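Chains as they are written, first to last, in my numbering: chain U, 1 to 235; chain S, 1 to 333.
Heads up, some of the hints might be wrong.
As the list claims (entries may be wrong) - Cross-link-like lysine-lysine pairs, in silico, DSSO-like; alpha carbons within 27 Å at most:
1. Lys-30/S <-> Lys-102/S
2. Lys-97/S <-> Lys-130/S
3. Lys-68/U <-> Lys-333/S
4. Lys-121/S <-> Lys-110/S
5. Lys-176/S <-> Lys-121/S
6. Lys-325/S <-> Lys-116/U
7. Lys-143/S <-> Lys-133/S
8. Lys-109/S <-> Lys-177/S
9. Lys-325/S <-> Lys-68/U
10. Lys-68/U <-> Lys-328/S
11. Lys-133/S <-> Lys-177/S
12. Lys-96/S <-> Lys-110/S
13. Lys-177/S <-> Lys-96/S
14. Lys-132/U <-> Lys-116/U
15. Lys-130/S <-> Lys-109/S
16. Lys-46/U <-> Lys-325/S
17. Lys-46/U <-> Lys-102/S
18. Lys-130/S <-> Lys-143/S
19. Lys-30/S <-> Lys-110/S
20. Lys-96/S <-> Lys-30/S
21. Lys-333/S <-> Lys-46/U
In case anyone wonders, no lab produced these hints; they're calculated from the structure. The structure presented is a predicted model; accordingly, all values stated were derived computationally and were not measured.
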Amino acid sequence: MILFDQVSKRYQGGNEALTNVNFHLHPGEMAFLTGHSGAGKSTLLKLIALIERASTGNVIVGGENLNKVGRHTLPYLRRNMGIIFQDYQLLYDRTVFDNVALPLIISGFSSREVSKRVRAALDKVGLLRFEKKYPITLSGGEQQRVSIARAVVNKPALLLADEPTGNLDPDLSREIMDLFMAFNQVGVTVLIATHDIPLINQLNKRIIQLSHGQLNPGLINDRKTDHTKPFTAET
Amino acid sequence: MVSNNSSTHENTGGSVQLRQLRPSFSSRFKEFFIRHLQVFFYSLGLLSRSPFATLMTASALGIALALPAGLYVILDHARQLSGDMNSINQISLFMKKETAAKRIEVIQKKLETYPEVAQVKHINRTAALKEFKDNSGFGNALKALKTNPLPDLLVVYPSLTHSDPQQINTLLIDLKKIKEVDLVQLDIQWLQRLYAIINIGQRGVLIIGSLLALAVLLIIGNTIRLAIENRRSEIVVMKLIGGTDSFIRRPFLYTGFWYGLLGSLIAVLLVNISLIIINDPLTHLSSLYENNLFSLGLMGINVSITLLLSGCLLGLFGARIAVGKHLKEIEPK
Chain U
1 MILFDQVSKR YQGGNEALTN VNFHLHPGEM AFLTGHSGAG KSTLLKLIAL
51 IERASTGNVI VGGENLNKVG RHTLPYLRRN MGIIFQDYQL LYDRTVFDNV
101 ALPLIISGFS SREVSKRVRA ALDKVGLLRF EKKYPITLSG GEQQRVSIAR
151 AVVNKPALLL ADEPTGNLDP DLSREIMDLF MAFNQVGVTV LIATHDIPLI
201 NQLNKRIIQL SHGQLNPGLI NDRKTDHTKP FTAET
Chain S
1 MVSNNSSTHE NTGGSVQLRQ LRPSFSSRFK EFFIRHLQVF FYSLGLLSRS
51 PFATLMTASA LGIALALPAG LYVILDHARQ LSGDMNSINQ ISLFMKKETA
101 AKRIEVIQKK LETYPEVAQV KHINRTAALK EFKDNSGFGN ALKALKTNPL
151 PDLLVVYPSL THSDPQQINT LLIDLKKIKE VDLVQLDIQW LQRLYAIINI
201 GQRGVLIIGS LLALAVLLII GNTIRLAIEN RRSEIVVMKL IGGTDSFIRR
251 PFLYTGFWYG LLGSLIAVLL VNISLIIIND PLTHLSSLYE NNLFSLGLMG
301 INVSITLLLS GCLLGLFGAR IAVGKHLKEI EPK
C-alpha cells in the first residue's frame with residue numbers, strides 16, 4: 001500500500017527532515033509512526049498525502065508513484081485517503097453533517113447517497129445524534145471523531161493520522177485508537193503518527209520509529225512482515 | 001466497509017489497493033448541475049449574510065458602470081437628434097437672374113429625377129419679392145427699387161437615404177455644376193461640427209468605459225481576494241479531502257457573478273434616476289427652441305440588457321483572475 005524507497009526530504013534552507021527512508025506498509029496493515037518531536041513523523045505523512053514532495057527517492061502509494069502525480073490528478077489521489085489531524089481541521093461554520101458530507105459532495109454523490117453514507121459514518125463513530133450541531137459545541141474527542149467520520153465516509157483504503165490523540169486525555173485517546181483498530185479490522189490500511197508510547201504499546205501493532213529523520217531499524221517492532229525478504233513493489 | 005468494493009471499479013494499471021468508492025457517471029453528471037445550482041444560491045446566501053458590505057461593493061461597481069452607460073445613453077440621443085436634423089436639410093439654389101422661367105422649370109424637373117433628391121420647390125422671384133414686401137416691414141423702401149433684386153430660388157430636399165454629410169457634399173458639388181445656378185447654400189458646417197463632437201464623445205465614452213471596466217475588474221478582483229483570504233482554512237480543508245481546483249473555484253466565481261449582476265442593476269437604476277432628473281429641464285429647454293419637444297426618456301431595453309450582461313461577465317472575469325492567482329498560493333502545510 002505504501003512503499004518508501006530511499007526517500008529523503010530536504011526543506012528549503014537545508015534542513016533535512018528525512019534521510020534515506022525505506023519501508024513498506026502492506027495493504028490491510030496498521031502501523032504506528034513514532035519518534036521525538038522533529039524526528040520527521042509529520043514530514044513522512046505529508047509525503048504520503050502529497051502535501052510535500054520527496055527531494056530524492058520514490059514514494060509509492062497504492063501503486064502510484066507520487067513523483068509522477070501532477071497538480072491536476074492530485075485531488076483524485078487524495079480522495080482515496082482519509083487524513084486526520086491533531087487539530088481536526090473541521091469547518092466551524094458548517095454542521096457536523098455538512099462537515100462529514102464534504103468529501104462525498106466533492107466526489108459528486110447524490111443527496112440521497114450523501115445522507116445515507118454520512119449517517120452511516122457518524123453512526124460508526126457514535127455521533128449520529130450530533131449531526132445537526134456545529135463542531136464548536138462539541139468536545140475535543142467528539143470533534144476528532146467527526147474528523148474521523150469525514151475521513152472514512154468516502155471508504156478510502158488508506159487512513160493517515162497525524163497525532164490524532166495529541167489533544168486528548170488517555171481515556172479518549174484509547175477510544176479513538178479503538179476506532180482506528182476497528183477500521184483496520186475491516187481491511188483499511190492505517191498509519192498513525194503519535195508519541196503516545198504507553199498507548200501504542202498496549203495495541204500490539206507494528207511500530208515504525210523515526211529518529212533524526214532516519215528509520216531506527218533496531219526498534220522496528222514488526223510482527224507482520226518478514227524483513228529477510230526484499231521489498232516487492234505493489235505496482 | 002472498505003477494500004472489498006475496490007475490485008468492482010475500474011482498473012488502472014493494477015493499482016487495485018487505492019480504488020475508493022465512486023459515484024456512477026450519470027449520478028456525477030446529474031449532481032454536477034445540482035451542485036452548480038446549489039453553489040449558485042449558496043454564494044448569494046453568503047453575500048446576503050453581510051448585506052452592508054455587499055451593498056457597498058455593489059454600489060461602487062454600480063457607479064463605475066453607470067458613468068459610461070449614462071454617457072452612452074446621452075450620446076445615443078444626440079446622434080438620433082442629429083439624425084432628425086438631417087431629415088430637414090435643405091439646399092437653396094439661387095439661380096442667375098437672367099435665367100428664364102421655362103429653363104428653371106426644366107432644371108427643377110431634372111433635379112427631381114435624381115435619386116438623392118426627394119423634392120424640389122420653386123420659389124418664384126416675383127412671389128418672393130411680394131412676400132418680402134408684405135412681411136419684412138421694408139415695403140416702402142423696396143418700392144423705390146426699379147428692378148426685383150431677388151433671384152429665383154430652387155429649394156432641394158435631399159432624400160432620407162442620402163442625408164449624411166458626405167453624400168450631401170457630393171450632391172452639393174453636382175448642383176454647383178449647373179450653369180444657371182448662381183449660388184448654392186447649405187448650412188452644413190454646424191452639422192459637420194455636431195458629428196465631429198459626437199465622434200469625440202464616442203471615443204470619450206470608449207476610453208471612460210474601458211477604464212471603468214478595468215476599475216470594475218479590480219474592485220471585484222480585490223473583493224474576491226479578500227473572500228479567499230477569509231476562507232483560507234476552508235480552502236485548505238477542501239484541498240486536503242480532494243477538492244479539485246474547479247470545485248474550490250466555483251463559489252468564488254459565482255460570488256463574482258452576483259457582484260457583477262448587483263452592480264449593473266444598481267447602474268441601471270442610477271442611470272434611469274439621472275435621466276428622470278434631467279428630463280424635465282431638458283424638455284423645458286427644447287420647448288424654448290422649437291415646438292417639437294425633446295426628451296431623453298428612459299434607458300432602452302437593449303442598452304439595459306447589454307449593461308447587465310457586461311456587468312455579469314466582468315464579475316465572472318474579475319473573480320476568475322483573482323481566484324486563479326490566489327488559489328494556487330493556498331496549499332495545506
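Verification of the hints:
1. Taken as a hint, the Lys-30/S and Lys-102/S pair is broken in the structure, with Cα atoms around 85 Å apart against an allowance of 27 Å.
2. Taking the CA atoms of Lys-97/S and Lys-130/S, the gap is near 17 Å; set against the 27 Å cutoff, the hint holds.
3. A C-alpha spacing of about 20 Å is found between Lys-68/U and Lys-333/S, which places the hinted pair at or below 27 Å, so the restraint holds.
4. Taken as a hint, the Lys-121/S and Lys-110/S pair is honoured in the structure, with Cα atoms around 12 Å apart against an allowance of 27 Å.
5. Restraint check: the Cα-Cα separation between Lys-176/S and Lys-121/S comes to about 17 Å, which is no more than 27 Å; the hinted pair holds.
6. Pair hint Lys-325/S plus Lys-116/U does not hold up; C-alpha atoms about 37 Å apart against a cutoff of 27 Å.
7. Between Lys-143/S and Lys-133/S the CA atoms are separated by roughly 8 Å; this keeps the pair inside 27 Å, and the hint holds.
8. Taken as a hint, the Lys-109/S and Lys-177/S pair is honoured in the structure, with Cα atoms around 16 Å apart against an allowance of 27 Å.
9. For the given pair, Lys-325/S sits about 24 Å from Lys-68/U by alpha-carbon distance, which is consistent with the 27 Å threshold.
10. For the hint pairing Lys-68/U with Lys-328/S, the CA-to-CA distance comes to about 19 Å; that is within 27 Å, so the pair holds.
11. Distance check on the hinted pair: Lys-133/S and Lys-177/S sit about 32 Å apart at the alpha-carbon level, beyond 27 Å; violated.
12. For a cut-off of 27 Å, the pair hint linking Lys-96/S to Lys-110/S stands: about 17 Å separates their Cα positions.
13. Taking the CA atoms of Lys-177/S and Lys-96/S, the gap is near 13 Å; set against the 27 Å cutoff, the hint holds.
14. Between the alpha carbons of Lys-132/U and Lys-116/U the distance comes to roughly 15 Å, so the proposed pair stays at or under 27 Å and holds.
15. Among the hinted pairs, Lys-130/S with Lys-109/S is consistent with the structure: their alpha-carbon atoms are about 25 Å apart, no more than 27 Å.
16. Proximity of Lys-46/U to Lys-325/S is assessed by CA-CA distance (about 24 Å); at most 27 Å being required, the pair is judged to hold.
17. Proximity of Lys-46/U to Lys-102/S is assessed by CA-CA distance (about 105 Å); at most 27 Å being required, the pair is judged violated.
18. Simply put, Lys-130/S and Lys-143/S have alpha-carbon atoms about 11 Å apart, close enough for the 27 Å limit, and the pair holds.
19. At roughly 74 Å between alpha-carbon atoms, Lys-30/S and Lys-110/S are farther apart than 27 Å, so this suggested pair is violated.
20. For the suggested pair Lys-96/S and Lys-30/S, the alpha carbons sit about 85 Å apart, so the restraint of at most 27 Å is broken.
21. Using a Cα cut-off of 27 Å, the hinted pair Lys-333/S and Lys-46/U holds, with the two alpha carbons roughly 8 Å apart.
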